[in-house]
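A.B. asks: Sequences listed follow chains A and B, in order. Here the first sequence stands for residues 1 to 394, numbered as in our numbering. Here the second sequence stands for residues 1001 to 1606, numbered as in our numbering.
Simulated from the structure, these hints should not be mistaken for laboratory data. Quick reminder that beta carbons are idealized off the backbone N, C-alpha and C, glycines included. Be a bit skeptical, because a hint or two may be false.
[What the hints assert, rightly or not] Derived lysine-lysine pairs resembling DSS-like cross-links, with alpha carbons at most 30 Å apart: (1) A:K305 x B:K1546; (2) B:K1562 x B:K1587; (3) B:K1420 x B:K1590; (4) A:K180 x B:K1463; (5) A:K239 x A:K227; (6) A:K297 x B:K1519; (7) B:K1236 x A:K180; (8) A:K276 x B:K1562; (9) B:K1560 x A:K297; (10) A:K305 x B:K1038; (11) B:K1239 x A:K219; (12) A:K283 x B:K1236; (13) A:K239 x A:K203; (14) A:K297 x B:K1236; (15) B:K1231 x A:K180.
[Claimed, not checked] Every beta carbon over 12 Å from chain B, so not counted as near; a handful from chain A, in silico: (16) S52; (17) P131; (18) T232; (19) H244; (20) H249; (21) K337.
[Claimed, not checked] For the chain A half of the interface with chain B, some residues (derived, Cβ under 8 Å), not all of them: (22) C129; (23) S166; (24) V175; (25) T176; (26) F178; (27) L194; (28) G211; (29) S246; (30) T247; (31) E255; (32) R291; (33) P296; (34) R356; (35) D375; (36) E376.
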Amino acid sequence: MRLIKQQVERDGSGTVTLYPEEPEDMWHAFNLIRVGDTLRASAVRRIVSESSTGSTSSTRVHMNLTITVDKVDFDSQAGQLHINGRISEENKYVKIGAHHTLDLELNRNFTVGKAEWDSVSLGVVREACDPAEKAEIGAVVLHEGLANVCLITEHMTVLRQRIDVSIPRKRTGSVTAFEKSMEKFYDTIYQSILRHLPISNLKVVLLASPGFLAESLQKYIFAEAVKTDNKTVMGAKPKFVTVHCSTGHVHALNEVLKSPAVIARLADTKYAKETKAMESFFKMMQTDEDRAWYGPKEVERAIEKGAVSTLLVSNSLFRSNNMQERRRYVRMVEDVKASGAGEVMILSSIHESGVRLDGLGGVAAILLFPLQDLDESDEEQDETEEGNEDNENL
Amino acid sequence: MSRHKIVRTMNLADELDDFDGEDDYYGEEDEGMSPADKARMADGLKRVREVIGSDVPSLTDEKIEETLWYYYFDVERSITYLLNQVGATEKKKQKKPVVPEPKAPTQKAAIKAKQAFDVPSPDDVVIAAQSQSKGISKSSKGEKAGSNTTASIQKGVEALKVGDTAEKPTLPKIPRNKIDVVAEYEKSKSKRKENANLVVIGHVDAGKSTLMGRLLYDSGVVDERTIQKYKQEAEKIGKSSFALAWVLDQTGEERARGVTIDIAVNAFETERGRFTILDAPGHRDFIPNMIAGAAQADFAVLVIDSSPGEFEAGFNVRGQTKEHALLVRSMGVQRIIVAVNKLDLMHWDQDRFDEIKQQMSQFLTTAGFQPKNVSFVPCSGLTGDNIVRKPADGLISWYSGPTLVEELETAKPVIKAIEKPLRMTIADVYRGGVINPVTISGRIEVGNVQVGDTIVAIPGDEKAIVKGIEVDNQTAEWAVAGNNVQLHLANIEMEHLKIGDVICQADNPLVPLKEFEAKILAFEGLTPMMIDIHRGRLNASGRITKLVATLDKGNGSVTKKKPRHIGPGSLAVVNIAVTGAPLPLEKGSKIVLRADGLTVAAGVVE
Ligand SMILES: Nc1nc2c(ncn2[C@@H]2O[C@H](COP(=O)(O)OP(=O)(O)OP(=O)(O)O)[C@@H](O)[C@H]2O)c(=O)[nH]1
Ligand SMILES: [Mg+2]
């Protein structure tokens, strides 16, 4: 993403114009554009005009439209962002209040207007426009019959294909059906890798499984590459790394990303850091329960006491349409930063570590010193609190 | 949102693409017969022709092929039918056809008909014939059709009618719900030996497969020649000590690596009992497979390597001796036989045996086994001492108890609820041969099934008809809970059946769950977190969404509501959400939860 123009007033209101360059930028835009914001972007509208003779003709007209946002939809598979809203600036074709859906496009400017640009929103802009080197990796996690082919970018994990087939089990005296199916299973995965992973652009391709599947898959891949004389794959041989994990479900990526082999190669990436932070949190929960807390109320209290050493917040919380909610989390982030003692990590909710954090309600903290009973409160407040969390998670 | 959404929006068409033109997973839908079926068809046609020759003009190739398709390539039945039909046409005038005439019964159309439902498929014809014999007539769309092929099928149906009434039956009858299975079962009880399933568990390399290989060899299930062959082949790859294990470890990978990866199922019989052995893998990576085996077991044989340091390795916190024992117990197994194995390496040292026995007894008691249900047998799978045959004279002077097999004979199968609605988790789906293109296997958990029943595989909604049953590899008319069965199915394609699905009667299916509450025993610390949900072969991804309460282990009362963390060893109630499609679980289903390669909890769906 490129920052074209930023105009934010003292009171925090203003506009930011951005130029999206790659699919991932749609994800950043998704984290930026809220209900109630204004959005100006290019659009195509069908204009019906009536001629003097009474015949009608319809033409497609390119124009810039400004809408007040009603709804934001992100399709991570396709990398598309659809924004519904009502026209807020009239032009000669459209009236104020008319409904329109803007689909943001790559390589076309868009301008977001907010009544309040808080530090987190500005942080999103900064991060989106950070020209740091991209470290994209491919990952296949598998167990017998199940494989998930994923693309992991700096900010998101995209499941490119899920392969789920029945493998006949070995039976006494007949293992051919089993072995044939396994062969075919590997082939399906190989074809999927070719189709869905941009191997030449990737930093590494992880093959992860329990047992020996990943190794066998790797063997299969290179045997096939040689057979079919696939230079891309053969040339990328050093990029392929096998890793051990316990299942083929997508969430096994948590295990994969924290394995020493991966850390050695990817330690400086954002997602490796996030994975590590979540890991530390769960470890702390096992070893020193009173120094690991999760849930908004609990973490808020820990912040008040100046006890937070690492604050983990999922960016799903900042996408809340409830202004009150949003402000609450922004304040938590700012308070920890202001204290000077704590580090803040805003996790991407579409990375596996973010999914894990969302499971805990989206916010968690590792404390400098143990605190007890942060969760104690009158039951009633508890109930309402919980209702909110549930909505958030589902 | 994120991942759940991603999973839901994944492109199914993309997946199907990858199997285009192949017969094992998909296919048959559009291009008619799969290549494999085409080959069978050609072969079948040749064999029918060999018998009936080519001088009967009415028996065209086309007709023979139709018949073969109808009988799923059963050459014998096809011939009987065809010959009968030739005979029947002569008497045609005497009987009035009453059965609807299906149109366009070419093979392709017949297959399509199954999907489209606008023309009766061969099975519909059978059903129609049955209802017809009960006086229910089915209206037909086929009446308008008037092609030659229609006429020929009409004759076929007529022949069926003839067979039904006067002459010897020529068509497979699929009687529906005719048998009172519960009553039949009670009657047959005294006559048959009860089958018991036993799962063989224990730490990796404890000698489980060798022990079972030995047992099968010494009890005559596996012959000398096979063992000799394994010995030679194993020697060739430098794994001669694994020859007996090869009886169970049959895949190339298993043999090359010398570890069991998946459950191997075998059966053997003694004078007093019949047993199905499920040889589980010990390696921690394959615990999902071990769970699949344990879920089918009545009792367990826990094999322990008694050699120096090995018992200890299996018994420590991360060893599988404890994990396996806890798993089988939490899945409902009450009886456990501990085979203290490899005692040949310990020169049959009584002190070692006693030491292991003492430590294991203590542990198994805390794991919830009653002392009366635990027994210990000293043995060596490699030498065969005290497995099937008594140990050589004086070898174990301090032991006068039963051999392993004698000990097995004291274990009784668990009583099952056979009158309840049918539930069976699919353990395997395969081609059961030429006659049975779709076969599933598994152990009936509750209820009963008989030939002719309409079943459904949950969470799917595809129905199928049971056209044949095998219990312990013997053809049967019905089967009940506790039986290991193969069900040959009609009216369903293989891709609609998945390992881990649950088979139910179509009129009494379970309702799959997307979210549920479970009462669990935590083995590790729990927070809201991602988990794998296991139930037998089923292995799905899910999430603990809420910690509802911890419970008192004594009386089950709530000790803390909404705990933020559940400590190891606690009893608790949690909410679980399934990541993908709903799972075939219901109240009372036993589940195991795993995360990061550890068994973190086991419990039941509330
Ligand atoms: N000396 C001796 N060696 C044994 C005995 N039983 C098994 N072994 C050896 O132990 C090794 C492992 O045997 P397996 O039968 O494959 O062990 P397992 O428990 O089935 O192993 P997994 O299925 O991989 O968990 C082989 O080399 C066997 O020869 C025994 O009673 N005595
Ligand atoms: Mg084994």
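A.B. asks: Now look at each hint and say whether the structure bears it out.
C.D. replies: Do the hints match the structure? See the list:
1. A:K305 x B:K1546: Holds - the C-alpha atoms of B:K1546 and A:K305 are around 27 Å apart, at most 30 Å.
2. B:K1562 x B:K1587: Roughly 22 Å separates the two Cα atoms, so the pair holds.
3. B:K1420 x B:K1590: Status holds; Cα separation ~17 Å.
4. A:K180 x B:K1463: holds, 28 Å
5. A:K239 x A:K227: It holds: about 19 Å lies between the C-alpha atoms, which stays within 30 Å.
6. A:K297 x B:K1519: The given pair, whose Cα atoms are some 27 Å apart, holds under the 30 Å limit.
7. B:K1236 x A:K180: holds, 24 Å
8. A:K276 x B:K1562: Roughly 27 Å between the alpha carbons, so the hint for A:K276 and B:K1562 holds.
9. B:K1560 x A:K297: With a Cα-Cα distance of about 19 Å, the restraint between B:K1560 and A:K297 holds, given a limit of 30 Å.
10. A:K305 x B:K1038: violated, 76 Å
11. B:K1239 x A:K219: holds, 23 Å
12. A:K283 x B:K1236: Violated: A:K283 and B:K1236 sit about 47 Å apart, past 30 Å.
13. A:K239 x A:K203: holds, 7 Å
14. A:K297 x B:K1236: Violated, at about 66 Å.
15. B:K1231 x A:K180: Given pair B:K1231, A:K180 holds - Cα atoms ~25 Å apart, limit 30 Å.
16. S52: holds, 49 Å
17. P131: holds, 26 Å
18. T232: At about 19 Å from chain B, A:T232 clears the 12 Å cut-off, so the statement holds.
19. H244: Check fails; 8 Å does not lie beyond 12 Å.
20. H249: violated, 4 Å
21. K337: holds, 25 Å
22. C129: violated, 23 Å
23. S166: holds, 5 Å
24. V175: holds, 5 Å
25. T176: violated, 10 Å
26. F178: holds, 6 Å
27. L194: violated, 11 Å
28. G211: Holds - the Cβ of A:G211 comes within 8 Å of chain B, reaching about 4 Å at its closest.
29. S246: A:S246 check passes; min Cβ-Cβ to chain B is 3 Å, inside 8 Å.
30. T247: holds, 5 Å
31. E255: Since the shortest Cβ distance to chain B is 6 Å, the answer is holds.
32. R291: Since chain B brings no Cβ nearer than about 12 Å to A:R291, farther than 8 Å, the hint is violated.
33. P296: violated, 13 Å
34. R356: holds, 6 Å
35. D375: Since chain B brings a Cβ to about 6 Å from A:D375, closer than 8 Å, the hint holds.
36. E376: Nearest chain B Cβ about 11 Å off; hint violated.
In terms of the numbered hints stated before, the structure departs from hints 10, 12, 14, 19, 20, 22, 25, 27, 32, 33, 36, listed from lowest to highest.
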